[in-house]
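Asks: Chain A is already provided as a structure; the job is to place chain B on it using the hints.
Protein sequences appear in the order of chains A and B. Residues in the first sequence are numbered from 6 upward in steps of one, following the working numbering. Residues in the second sequence are numbered from 579 upward in steps of one, following the working numbering.
These are calculated hints, taken from the structure and not from any lab test. One or more of the hints may lead you astray.
Straight line, CA to CA, 25 Å or less: simulated BS3-like cross-link-like pairs of lysine-lysine [said to hold, decoys possible]: (1) A:K554 - A:K539; (2) A:K113 - B:K618; (3) A:K222 - A:K571; (4) A:K160 - A:K431; (5) B:K729 - A:K341; (6) A:K560 - A:K210.
Chain B stretches covered by chain A per the calculated footprint, using a threshold of three residues with CB under 8 Å from any CB of chain A [said to hold, decoys possible]: (7) 619-632; (8) 653-664; (9) 668-676; (10) 683-693.
Some chain A residues flagged as far from chain B (calculated, every beta-carbon gap over 10 Å) [stated by the list, open to error]: (11) E205; (12) L278; (13) R504.
All of these numbers come straight from a predicted model, not from anything done at the bench. Even glycine gets a Cβ: it sits at the ideal position worked out from N, Cα and C.
Read off the chains here:
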Amino acid sequence: MKLTGLRQIARLRGVLRWRYVAPRAAIVVAVVLVVRFGLDPLLRWAIVTTGQAALGAKVELGELRTSLKGGELVVTNLAAANPQKPLRNLIEADEFRFQFDVKQLFRKRLVIRDGGISGLSFDSPRTTSGALPDAPTDQASPSPLEPVVAVAEEKALAWFDDLAGRMQHDLLGSLATPRLVDELETRWPQQYDALKARAEGLRHKSKQIEAAFREAKKNPLRNLAQIDQLRKELAAAEAELRTAVAEIQALPSQAKADRLAVDAARKQDEQFLREQLKFGNVDAEELNRYLLGEAAHGYLTQTAYWIEQAQKFIPKKKIAPPARARGTNVLFMARKQPACLIERVRLDGHARFDGQPLAFTGELTDAASEPELHDRPLRLRLAGSGALDATIVAILDRRGDIPHDWVRIDVPKLMLSDRTLGNASKLAVTVSPGEASLQADVRVDGESISGVISLRQSSKLAAATPMLRDDRIAQVLHESLAGVDRLEATVHLSGALKRPSVRIESNVGPQLAGGVKGAVAKYLADRQERLLAKVQDKAVQQLAKLEAKRREAEKELLAKLGQDQKLISQIAALLQGQLPVTTGGLPQVSMPPVSVPQLGKLIPKDKLTR
Amino acid sequence: MLNFLLRPLRFLAQSLIGNDSPRQTAWAVALGMLAGLLPKGSLLALLLATSLFALQVNRAAGLLAMGLFSFAGAALDGFAHRLGSMMLTWPSAQPAFAWIYDQPLGPFWGLTNTVVVGQLLVGLYLFYPVYRLSLAAAAYLQPRLRDRLMKYRVIRWLKGAEVGAQWGLES
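Excised from the complex, chain A in its bound form (with noise of 0.2 Å):
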């Protein structure tokens, strides 16, 4: 037997070319060797190296340790920057444990059977920077719902400057009441001026003629001429007087024009506070837009932000690649299978939510390298307790040709704190610490989304208004949502994933609105009703004070005219007693006696009395 293998052997060595397989037999050694012991530092390097490239910011791993006996693979501290946030993680973790199946090795496949990942967080803080030294900058692009946000705030901010601005309107300087009685103030002194003026003016004349008169008698026959024309200018000063007292009986009618005048300028003030109380109307989808569109927006931007980077992880359908040049090749299996699959990986990790520690666990399913080949799609499922219990599922099926993937979110309890909708310094909503529910089921096929995200919670809701700066509407706003005492929202979305159109239905947005417009309504009409009757008062004793003002005028002027008209009278006596017909030729001053009015008998009483 011994003889027989030694025979064997001898045979071997005549066969065999030892001088080329001793040398390859070594080379073999040496890479097995090197796989042995080289393969760890070789896997650590590639994972940080793909990951960077991928990632576009730092990989970094604590300790890597594979055993190709036992089937499995361990990585520690692993933690992966976020490209956008330098000093943040986007995912860190304290191990991950890889059970694979060493025969799919032989296979051409990488089967992870089983696995665990623990100490999983998201969204970590780092204490250096993970920013690559030549990364290219990633230019945020805008958010799909930036648009649906900013008209929909700029609908509402302008209904409500509108408001505001109605509020702040000066009303007293366009109202036409208190504009005509200060006119009507201005114009009267004037008036009064004027015919005292002329009052004096006539008297100074009267005297003038007087003395000229007197001088002018001394010497008859040869002042005549001198005596002809005083006469005249005697005559021009008496129908000047005639003119003037004219004008002063005149002075009530005067005044009961103005009174008409004012009435007309009363009407025309109710009817332009009418029109102010007149407000455009704000589409309550459009408020609940502006007051829930930005809360929306972070969460879907936030959400936007997740998904686009799972799909850079998650491949996609391949196209199938080309044939192969030389033959095809023929499967064996029921189906080919993708090349690399982990078919369960626990998950364990923590994060916080609004402060409060919120520790998860959970599974992914079914990854596979090319899903259309795997006879399952990727299931991930988080259930999070602490904080909030909520459970995550997500299915991303990339299986057909339209990938299709669907996130349903179940979270019947959570404690939300306060919060602010909409814009704090003009029109917002504070909602107070409160018990929540929220349910997510959003599905994405191909390049549409579509689903429903609904919020429920219980709190006590009012509205600020900071513009007004008034503390009886703020009561009055305050009131007007005192009443509700839970915040539903319902946000819809449909459309092109890149550019879904959003949807929201909410109970805030038609009771702001309502309540806003109603606290505004009342107030205008309160403030233009006081303004309306302070207006009118005012303009009453305005006016009656300008009849009085008159009626002392009256009397005053026309005791000035009756003195005038006395001394005229007095010059026209004087010119006929002196003046014989001797003369020839000359006029006969013929001058009637002016007929002064009894003083205070001309004032209209009822006229002057409302």
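Replies: Quick look at chain B alone, frame taken from chain A:
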């Protein structure tokens, strides 16, 4: 550099007038034919090429055969594909192919490819005839060619260079 340039000529001379026996030359041609016909890139082709170098056969003759049959193999691809398809889809053979595929390194053998299987069948079919023909040709031609070619100085020089290369004098 000179050695690099002369290597093809030395191979040719070695294949014709080397000290290898006709059997070694015949085995080399048969193995080279088989390796040449197969599409490269499979473990089977690698194993055959390694055998050619690892076994005590006429390497030069084997490499020449491999080169020649590589061209011939490309021309036979259509036929090999049809033959391989027939073989791979033959129900009786499928369990065996499936078993091979399911073994460790099974997918690396390339025995799921129609052309690989077809060329392998062609090669196996031709193996013995090629061996016999090569053996006869080598037995007949090698002594005559050696005598005739060794008369030329250049051949003697190339032969010497080969001996020197074998003894490590080339560097």
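Asks: Look at each hint and say if it fits the structure.
Replies: Evaluated hints:
1. A:K554 - A:K539: holds (22 Å)
2. A:K113 - B:K618: This hinted pair holds, its Cα atoms lying about 18 Å apart.
3. A:K222 - A:K571: holds (20 Å)
4. A:K160 - A:K431: holds (13 Å)
5. B:K729 - A:K341: violated (62 Å)
6. A:K560 - A:K210: holds (21 Å)
7. 619-632: holds (count 3)
8. 653-664: holds (count 5)
9. 668-676: As far as the segment 668-676 of chain B goes, the hint holds, because 3 residues have Cβ atoms under 8 Å from chain A.
10. 683-693: holds (count 8)
11. E205: holds (129 Å)
12. L278: holds (90 Å)
13. R504: Fine: 45 Å to the nearest Cβ keeps R504 (chain A) off the interface.
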